[in-house]
Amino acid sequence: GIRGIMIEPLFEATNMIGVDEDIDFMMLFKTNQGTDFHFIRTGDHYYQGVRKLIKIDNISVLEGGDVVITGSNGDVLIAFKETGELNEATKQLTKGDVIIAYGSIKPSVKFGKVIELEKIEIIQLIDIIYENPKCPKCNHSMESLGKNKGYRCRKCKYELNDISKVIKRIDRNISLGIYQSRYYRHLTRPIFLEIKNDSEKVEKIYLPLLLNNLKNARILD
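Its first residue numbered 6, the sequence shown is counted upward by one per residue in the working numbering.
Derived from the structure by calculation, the hints contain no laboratory data.
Take the hints with a grain of salt, since some may be wrong.
[Unchecked claim] Cross-link-like lysine to aspartate or glutamate pairs, in silico, EDC-like; alpha carbons within 20 Å at most:
#, residue 1, residue 2
1, Lys111, Glu121
2, Lys57, Asp41
3, Lys111, Glu87
4, Lys118, Asp176
5, Lys111, Asp49
6, Lys35, Glu148
7, Lys154, Glu136
8, Lys86, Glu121
9, Lys118, Asp80
10, Lys60, Glu93
11, Lys100, Asp132
12, Lys60, Asp132
13, Lys170, Asp132
14, Lys96, Glu68
15, Lys57, Glu121
16, Lys160, Glu148
Turn these sequences into a full structure, and let the hints steer you where they fit.
Set out below in structure tokens:
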């Protein structure tokens with residue numbers, strides 16, 4: 006069979022194939038391969054596809070390089086080391102970032118139900134964090150005494166009531182966009198793949214062309 010994402014090259018290829026016998030028939034059909042079809046109808050059961058908005062609560066890198074993401078709603082996502090760019094991208098995420106997670110639900114002995122990631126779309130990156138203030142006496146970090154109760158220095162124990170967290174701007178080594186595993190399922194749509202809907206062309210243009218090609222191949226003689 007000949008596969009492609011555009012119809013014209015498929016028809017051209019039929020004239021390039023050398024055969025020693027008459028062709029019985031040819032068929033043109035539309036497939037869902039490479040279309041992300043498994044993310045159209047998603048669910049929450051094991052082995053179903055899932056597409057979900059996730060606000061990052063925690064990122065941890067396991068021994069061996071696998072990345073575990075915990076969402077603010079309790080979801081657990083895994084990007085295995087073998088996924089390449091996807092795995093590296095998840096290491097750059099931090100608490101507060103927002104992504105759309107694409108993957109499938111799998112059982113896990115350690116985490117229970119997890120989302121095994123195929124790709125993520127980063128839609129929001131935080132660029133500021135809030136830190137506890139430094140002690141004005143010894144310049145060591147302070148700890149909170151509770152909501153609206155001020156701060157106390159961890160070293161010299163100096164206390165301050167009229168002070169708040171310090172806003173710190175951070176540089177991010179990642180940008181908004183889609184990051185995908187280097188290993189594809191047959192339904193997975195590669196980032197670089199553009200698919201056009203040629204349904205109308207098939208009926209008006211390409212079917213007559215196919216019939217002509219079949220005649221040239223002595224199928225309809």
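### Message
Please verify whether Lys57 and Asp41 have alpha carbons no more than 20 Å apart.
### Response
Distance of about 14 Å is within 20 Å: holds.
### Query
Straight-line Cα separation of Lys96 and Glu68 no greater than 20 Å?
This hinted pair holds, its Cα atoms lying about 13 Å apart.
### Task
For the pair we were handed, Lys86 and Glu121, check the Cα-Cα distance against 20 Å.
Holds, because 12 Å separates the two Cα atoms, which is no more than 20 Å.
### Query
Are the Cα atoms of Lys60 and Glu93 separated by 20 Å or less?
This hinted pair holds, its Cα atoms lying about 18 Å apart.
### Query
Would the pair Lys118 and Asp80 pass a check requiring their Cα atoms to be no farther apart than 20 Å?
Since the Cα atoms of Lys118 and Asp80 sit roughly 8 Å apart, the hinted pair holds (cutoff 20 Å).
### Query
Is it true that the CA of Lys118 sits at most 20 Å from the CA of Asp176?
violated, 33 Å
### Task
For the pair supplied as a hint, Lys170 and Asp132, confirm whether the alpha-carbon distance does not exceed 20 Å.
holds, 16 Å
### Message
Hint check: Lys160 vs Glu148, CA-CA at most 20 Å. Holds or violated?
### Response
holds, 10 Å
### Query
Does Glu148 lie within 20 Å of Lys35 when you go C-alpha to C-alpha?
At roughly 62 Å apart (the allowed maximum being 20 Å), Glu148 and Lys35 break the hint.
### Message
Holds or violated: Lys60 and Asp132, Cα atoms, limit 20 Å.
### Response
This hinted pair holds, its Cα atoms lying about 15 Å apart.
### Task
Measure nothing beyond the straight line between the CA atoms of Lys154 and Glu136; if it is 20 Å or shorter, mark the hint as holding.
holds, 16 Å
### Query
Does the alpha-carbon distance linking Lys57 and Glu121 stay inside the 20 Å limit?
holds, 12 Å
Against the hints set out earlier in the document, violations occur for numbers 4, 6.
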